[in-house]
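Protein chains: 8
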Amino acid sequence: MDRERIKRLLEDVKAGKVDVTEAIRLLKSLPYEDLGFAKIDTHRELRTGYPEVIFCKGKTLEQIVKIIERLSPANKFIMATKADKKVYEAIRKVRTDAVYHEMAKTVLIGQRQGKTAEKTILVVSAGTADQPIAEEAVVTAEALGNTVERLYDVGVAGVHRLFDNKERLFGANVIVVVAGMEGALASVVAGLVDKPVIAVPTSVGYGASFDGLAALLSMLNCCAPGVVVVNIDNGFGAGYFASVLNQMGEAK
Amino acid sequence: MDRERIKRLLEDVKAGKVDVTEAIRLLKSLPYEDLGFAKIDTHRELRTGYPEVIFCKGKTLEQIVKIIERLSPANKFIMATKADKKVYEAIRKVRTDAVYHEMAKTVLIGQRQGKTAEKTILVVSAGTADQPIAEEAVVTAEALGNTVERLYDVGVAGVHRLFDNKERLFGANVIVVVAGMEGALASVVAGLVDKPVIAVPTSVGYGASFDGLAALLSMLNCCAPGVVVVNIDNGFGAGYFASVLNQMGEAK
Amino acid sequence: MDRERIKRLLEDVKAGKVDVTEAIRLLKSLPYEDLGFAKIDTHRELRTGYPEVIFCKGKTLEQIVKIIERLSPANKFIMATKADKKVYEAIRKVRTDAVYHEMAKTVLIGQRQGKTAEKTILVVSAGTADQPIAEEAVVTAEALGNTVERLYDVGVAGVHRLFDNKERLFGANVIVVVAGMEGALASVVAGLVDKPVIAVPTSVGYGASFDGLAALLSMLNCCAPGVVVVNIDNGFGAGYFASVLNQMGEAK
Amino acid sequence: MDRERIKRLLEDVKAGKVDVTEAIRLLKSLPYEDLGFAKIDTHRELRTGYPEVIFCKGKTLEQIVKIIERLSPANKFIMATKADKKVYEAIRKVRTDAVYHEMAKTVLIGQRQGKTAEKTILVVSAGTADQPIAEEAVVTAEALGNTVERLYDVGVAGVHRLFDNKERLFGANVIVVVAGMEGALASVVAGLVDKPVIAVPTSVGYGASFDGLAALLSMLNCCAPGVVVVNIDNGFGAGYFASVLNQMGEAK
Amino acid sequence: MDRERIKRLLEDVKAGKVDVTEAIRLLKSLPYEDLGFAKIDTHRELRTGYPEVIFCKGKTLEQIVKIIERLSPANKFIMATKADKKVYEAIRKVRTDAVYHEMAKTVLIGQRQGKTAEKTILVVSAGTADQPIAEEAVVTAEALGNTVERLYDVGVAGVHRLFDNKERLFGANVIVVVAGMEGALASVVAGLVDKPVIAVPTSVGYGASFDGLAALLSMLNCCAPGVVVVNIDNGFGAGYFASVLNQMGEAK
Amino acid sequence: MDRERIKRLLEDVKAGKVDVTEAIRLLKSLPYEDLGFAKIDTHRELRTGYPEVIFCKGKTLEQIVKIIERLSPANKFIMATKADKKVYEAIRKVRTDAVYHEMAKTVLIGQRQGKTAEKTILVVSAGTADQPIAEEAVVTAEALGNTVERLYDVGVAGVHRLFDNKERLFGANVIVVVAGMEGALASVVAGLVDKPVIAVPTSVGYGASFDGLAALLSMLNCCAPGVVVVNIDNGFGAGYFASVLNQMGEAK
Amino acid sequence: MDRERIKRLLEDVKAGKVDVTEAIRLLKSLPYEDLGFAKIDTHRELRTGYPEVIFCKGKTLEQIVKIIERLSPANKFIMATKADKKVYEAIRKVRTDAVYHEMAKTVLIGQRQGKTAEKTILVVSAGTADQPIAEEAVVTAEALGNTVERLYDVGVAGVHRLFDNKERLFGANVIVVVAGMEGALASVVAGLVDKPVIAVPTSVGYGASFDGLAALLSMLNCCAPGVVVVNIDNGFGAGYFASVLNQMGEAK
Amino acid sequence: MDRERIKRLLEDVKAGKVDVTEAIRLLKSLPYEDLGFAKIDTHRELRTGYPEVIFCKGKTLEQIVKIIERLSPANKFIMATKADKKVYEAIRKVRTDAVYHEMAKTVLIGQRQGKTAEKTILVVSAGTADQPIAEEAVVTAEALGNTVERLYDVGVAGVHRLFDNKERLFGANVIVVVAGMEGALASVVAGLVDKPVIAVPTSVGYGASFDGLAALLSMLNCCAPGVVVVNIDNGFGAGYFASVLNQMGEAK
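Taken in order, these protein sequences are the chains called G, U, X, C, H, B, S and E.
14 is the number that our numbering gives to position 14 of the first sequence; each next residue is one higher, with no gaps.
1102 is the number that our numbering gives to position 102 of the second sequence; each next residue is one higher, with no gaps.
2149 is the number that our numbering gives to position 149 of the third sequence; each next residue is one higher, with no gaps.
3162 is the number that our numbering gives to position 162 of the fourth sequence; each next residue is one higher, with no gaps.
4244 is the number that our numbering gives to position 244 of the fifth sequence; each next residue is one higher, with no gaps.
5014 is the number that our numbering gives to position 14 of the sixth sequence; each next residue is one higher, with no gaps.
6193 is the number that our numbering gives to position 193 of the seventh sequence; each next residue is one higher, with no gaps.
7218 is the number that our numbering gives to position 218 of the eighth sequence; each next residue is one higher, with no gaps.
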């Protein structure tokens, strides 16, 4: 596309329709992405259906609505994360097709397009209180075109439930582990299966969990290889990276 | 295999060669890996040439040598990380084919087998002082069967060198970013290209870098999606995970 | 039990009622606990009356109620910790026999069974504000079948009250020390008596107590041997471990 | 002035109108500023129009109003920072000419006097949620007599928008960079342009941003020279320092 | 004994051999232990063979030797912890019967007396580098009269080795878990077996292990009950507490 | 007193009125304070008018009222700290003579007795927001029988006001410095005058003040000798220690 | 210049000398700096004499020498910071004109060119131990073409020496304050004079200075406006920024 | 004195010997101390024998020696703290009367003058490894003219030794408590006796003592009133403040 614009411009120069000074000015005013770093656009060309994403925390309702209105014409699929119910209700006033995933605190607006990857992402979570972040990862990965399975409530205190589901662990292509408190579940999973593990520490816990610091440090120090870590409570980031991994070998 | 052992046992029970009490005892004493979690072996079957890895820090020379002697008969390829020169010299006494990558502080023993992935892993590093960790990632990823390229010394103070190499950024399949100090390079790279980025904070810096804490926190909070983080100075972990990613879609 | 299931299966194999392939499939699908790690069940066999425990923090009322409904048929005794009044009221709607220990923020549902250990657990607390956590330890230890005594308000500023009660200190079998602020009470008690001390730092305090960090570090560094530490505000964990200790030598 | 007072006193001594003992007493009781450190007054003489500033956080409404009433007679221009709406409403009751910059949480009372510096301060912010702090910097710098431009929403995830505005980056005399999360924007800007950069970490983010610590450490460790840092969320301090810089070479 | 001294004194008072004023003075000067807190002596009466313990870190060789000389006449068994080789050599000059456990950095002087508890303490350690602390626990527990077994190198990366040894886990009376890095092993063990677990975080690791902080926080936040924690690298404390537990129900 | 009780007992033993076994029992059951540590009582004898103090934070209204009712009969003067308005109102229901110092969040109940020290304690505070803690120190020191002066709002940004009041600095016997943010005021005061300074860091500030940590560390590292520090926001502790100092040389 | 290259290219397209496809390729391959961010070069054009700077910490001697050899042909003036004596000796072997500022740990190679700014930068330091960092700032600012004065050893404990030098404080155009321990000197200076202050925390101190953290936090929280902060021990950064400020209004 | 100088000047003005302009100049150039803050001199007048103090850490041998040579003519008594043996040896070359207190790492040069306070300062220390800091406090307090007693090795693990010495605790006028690890000794002492306690946390310990942080936080949170804290390992500061307290009521 950009290539096309530049090509047309050069042809116009060649044809004498545009003089050199004007051509320089036009080249300079080409948006940045014309010069080779056209990340977002290229991206959209390659994998249609990828949503624009709005991180809602710290934004006012007015700002969020305004951003969605601005994005709506050009984007068939928009995603709003860390969105509480009020955010959803404000969005619904301008986009009646918005769907709210309450536990995941995620709003999906419009319709994802394109096919879904066949391989499975498994989202494993330790405790009931970790589910909102796990759901954020699930909803994100699904929105990005993946088949996602859940394996919840398999924390260390009930680790036999994890072992009972070993088939699902081995069957997954990518595993996301969501755990607060001591975050040991990531180490256990990585010690059992030979799959890439994306570890999400959560702020679940109390006392010396220090709002997720304990789980974060634990996961960073995981002595089994094949584990990488995202920010505390960053279910979206884990779902996004899991999607990148899962679609790595796929023809696009 | 395990299935075979269990099958034989059941047939013996059926045939009356083994009585039920004895069969229960035998079932209980089956080694763990017989029950489905035989990670390491399976692994080795799938992708021949994968090395056994020894993390040398905190181990005595005697312990390291003993582990290598124990692993040598069964393993064609062994890798020792965080190995200083004394470690290498001790290893060479028992394995004359050991090769030392001094900057990477890594010893490779024996010969990797199997083919090399075609797609490229690009290891980007910020400053000269980050190179030992970057090299650890490079040597690891190469040892695991990947084509690896280096893009060094492209830290924020010389960020134009990064932009000059945008072709290489776009050409890579997976990117490892190694940076100390403020660790911003991971964010810059992730903001420019749509490739999975594995960020490695290093302990390079002084003062409020707090031995890599500044870079670690910076990378964890990266606001561009598609970035995951490993432990401070964990070049091995980054190289390993990059290899998993890079070989994700490949037929094995 | 599990043993019984496996035995019956093998006998069926022997008798030709089940063929070998089917037997392998059945063995593989046996739940994890059949293979030797049946912690919870074994446990219940050994010491009847042990409750199932639900940690309420971070769970919604709906989730808590659902868990209790699921556990109710099989469990005579259920315990819910970190439960505020709303949790209790939600529980009471489905289990009218629920009893609320308000200060301990603990709900007991159903009736503990089995005998009570004769030896005494002494729960010592420093200040009035530490009592909720101390009560959580007391209620927990009682629920697990122990005789528990309280020795409250014997903090360092009123340490003579501790000395006045030396008979009770010496008479106890296990001592739980609950203290916030500087947490020195654990050291004082451990310096006076030769009994195992379980130290519980609390988040009581202000300023440089940093929500219990001061007490936690103080207790971890206790220079008197015989002291172990649990998480900040973890009265349940202390009560539980005290119970394990107290019943250690008892015939079960 | 002070010199005058001392001179008159000495002349009175010389003339015998004041005796020596009395002169010593008077000299001793001269207010501090008479002795050379008359910062605020001198200041006001040099650059008329400089406001008095009240930091509202932690002050009661009554205290704030009282301070404004006390300052009003002598000060033509007063500024109140970190002022929420209630503060503004309380101020307006005594000063109907108060103007509220809601996003900046800043109240301006009275009229700035004096000319405006010609050179431009550019305030760059990373994300929408950083705008309140960015606005605080903008309002402050404007109130101190500067031409200020905004360049918002150019965080790393949308870094191409930064590059699209390179003319504005190069055109500015002083740049303020406001960023939360990983704070990398300060490094990127400082790596691109050769202008003094005042970095303001914000508490925007979650998880391991630790209320702005990640951004703060990142900015302090910026490996590009020409970057200095102010306190987390200190938009006022950045605007103030930017003003000092911007007016450095100007005739006053 | 003390009781005897007081009794004799009172009988002397009764007999008129000691007058009341003198008796008061004598009562006041009775050593502390006479007044009821005679911890160490009582202790020694109850379980002969308990050693005196010297913590060597931070003490000069001269101080250590002097303490041992002072203790030697009255104590049949002395133990020196955190003792490097130089300490041992200095001790051997005054006590030729000193035995050095090099890996445990522990010196045993003299001969433990009394019988050994029958039940077993199992010391589990994660990695080779954790062994010095594990050995400190082992040597301590043995010195205090316990049967101790080792289960080493069963960290999460090789967790199948842990499962292979489940019989030993179930057979132990008390379990000590020694682990650095992410410290997840304590959680895994506590999730598998219903035995009291004493968790010892070690300073083994690098980067974000922050000298054992990661393992410490992880262990404190263990979501499986039945886990208590001692200071980082405190193998002695764990061995000591394990001994107290192990001998809890034993007749003494 | 205690001496009297012991004397009488010994005389009874001598007279044969009490036999030796009974005497031993009585000696053992003497309350702790009989043995020499009767701190509180002695204290009250020495300096009549000293109040009993209740720290209200973390206590329920019911607990506070109950403690006051228990203390009331024996104590002419009671003090409640960190008491918000609700606490005061609850107290007033049982003690109508309670007086509330609202800014100091302190309730005084009853009438202090005894004379007032002549020398002056000067309480210096940095900013308006520090006044609640400064007032707590003032009210405490006055309640303990001292003449207290205030020197408020002399923070570093208005340090000339401090210099204007040098007479008062030099005239004081003991100085309490209350400051949040960077806490530099303590250093400045200690650098100017040769009086003991008790530094109170406050949680006033934002961002990298980290709830008082910045001020606390600053004060602990004060390079001028003659400065000691109390906990963040501990106005009571500072007032109490200032009182002890101020009355040090006084005849009591 | 770049404009010229693009213009020539377009004219060649127009003239048919270069076809469109080739022209697109050439446009894409233009080096980064052609597009407007040629920071370093522009910079050098504007203010001749600016040195290239090498940060030596973490680099090997070989790497440092190699960098200098590479820079030498094109750069008349090179500066090496955090350079210990060995670094200097290695440099001198390849550049005999290298001059070592030992206390500043800085090597200057070659000759600065261009005029020196007339206005003065004053570098103020608290204690003798802070001098190495202060000297680094001095040497840096001088190397960048400024007149620099020193005011050393005026820490809070000897703050009268600061007041004695008020003329120099008022005479400076920019002030750099270098202080460890509590870092209060920055606040004191900023409270006294109306000049921009660049605060450099140093790692000088012990105990709760936590390697400069106390000074860093103190300086960040400075309640006097006009203070900005650089990294702990970053004398170079402070000298650099001071130079930018000092030359702000100067014709270049 | 200063008063005299000013008086003479004014009289000269009156007499016409000095004209007014010159008088103003002279007044302005009067050294700082003339204006009322003559701390050090006044000090020296009041309590002869007070030493000048040099903090040696971070200073080179040359700097220390130079400072002593500069101070020697005017000061009869000089004290050097945190001085290792090399410092002492360097000092002895220029001052042969220097006396080294090796454990206290303190050098005393010259002879203290003036009388010694009668009341006693008691320095209590927890463990053998805390003695160097305790000795620093002792030597400091003695050098400042106080009678000092030692009560060492009375840490919590041997707290009965503290109780055995209650007479000495009650007999002291001021108590300094020096303790590392958990620092509980300060709380215990403050809970037992009604004397002002100056708490010195030490960096003695390991693991979660975090170089004295645990002891520091513990002491700051001491719930017994009458405790103030100095920096970690600051024996000098404690000895100095204890001296100020001890001499508070004394005629000077």
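Derived by calculation from the structure, the hints in this document are not laboratory data.
Ideal placement from N, C-alpha and C gives every residue a C-beta, glycine not left out.
Some hints could be false.
In silico DSS-like cross-links for lysine-lysine, where the CA-CA straight-line distance does not exceed 30 Å [said to hold, decoys possible]:
1. Lys3082(C) x Lys3057(C)
2. Lys82(G) x Lys7(G)
3. Lys3007(C) x Lys7007(E)
4. Lys4057(H) x Lys1057(U)
5. Lys3057(C) x Lys5086(B)
6. Lys3017(C) x Lys5166(B)
7. Lys3082(C) x Lys6085(S)
8. Lys166(G) x Lys1082(U)
9. Lys1195(U) x Lys7(G)
10. Lys82(G) x Lys3086(C)
11. Lys4014(H) x Lys2195(X)
12. Lys7066(E) x Lys3017(C)
13. Lys2017(X) x Lys2057(X)
14. Lys4076(H) x Lys4014(H)
15. Lys57(G) x Lys3007(C)
16. Lys2115(X) x Lys2082(X)
17. Lys1082(U) x Lys6195(S)
18. Lys7076(E) x Lys7066(E)
19. Lys57(G) x Lys3082(C)
20. Lys6085(S) x Lys7085(E)
21. Lys2007(X) x Lys2057(X)
22. Lys5093(B) x Lys5066(B)
23. Lys7085(E) x Lys7057(E)
24. Lys3007(C) x Lys3082(C)
25. Lys1017(U) x Lys1007(U)
Derived contacts from chain S toward chain U, CB cut-off under 10 Å, selection only [unchecked claim]:
26. Phe6055
27. Lys6082
28. Gln6113
29. Asn6165
Evaluation of the provided hints:
1. Lys3082(C) x Lys3057(C): Holds, at roughly 6 Å.
2. Lys82(G) x Lys7(G): violated, 42 Å
3. Lys3007(C) x Lys7007(E): holds, 16 Å
4. Lys4057(H) x Lys1057(U): Judged against 30 Å, a Cα distance of about 23 Å means the pair holds.
5. Lys3057(C) x Lys5086(B): holds, 24 Å
6. Lys3017(C) x Lys5166(B): With Cα atoms ~28 Å apart, Lys3017(C) and Lys5166(B) stay inside 30 Å; holds.
7. Lys3082(C) x Lys6085(S): violated, 50 Å
8. Lys166(G) x Lys1082(U): Cα-Cα ~33 Å, so violated.
9. Lys1195(U) x Lys7(G): holds, 27 Å
10. Lys82(G) x Lys3086(C): OK: Lys82(G) and Lys3086(C) at ~28 Å, within 30 Å.
11. Lys4014(H) x Lys2195(X): violated, 37 Å
12. Lys7066(E) x Lys3017(C): violated, 51 Å
13. Lys2017(X) x Lys2057(X): Violated: Lys2017(X) and Lys2057(X) sit about 50 Å apart, past 30 Å.
14. Lys4076(H) x Lys4014(H): violated, 39 Å
15. Lys57(G) x Lys3007(C): violated, 63 Å
16. Lys2115(X) x Lys2082(X): Given that 30 Å is the threshold and the Cα spacing comes to 26 Å, the pair holds.
17. Lys1082(U) x Lys6195(S): violated, 50 Å
18. Lys7076(E) x Lys7066(E): holds, 16 Å
19. Lys57(G) x Lys3082(C): With Cα atoms ~20 Å apart, Lys57(G) and Lys3082(C) stay inside 30 Å; holds.
20. Lys6085(S) x Lys7085(E): Holds, because 25 Å separates the two Cα atoms, which is no more than 30 Å.
21. Lys2007(X) x Lys2057(X): The hint is violated at about 42 Å.
22. Lys5093(B) x Lys5066(B): holds, 12 Å
23. Lys7085(E) x Lys7057(E): holds, 12 Å
24. Lys3007(C) x Lys3082(C): violated, 44 Å
25. Lys1017(U) x Lys1007(U): Holds. Lys1017(U) to Lys1007(U) sits at ~13 Å (cutoff 30 Å).
26. Phe6055: holds, 8 Å
27. Lys6082: Holds: closest Cβ of chain U sits about 8 Å from Lys6082(S), inside 10 Å.
28. Gln6113: Violated - the Cβ of Gln6113(S) stays beyond 10 Å from chain U, reaching only about 22 Å at its closest.
29. Asn6165: Since chain U brings no Cβ nearer than about 28 Å to Asn6165(S), farther than 10 Å, the hint is violated.
Violated hints, in rising order: 2, 7, 8, 11, 12, 13, 14, 15, 17, 21, 24, 28, 29; the structure is consistent with all others.
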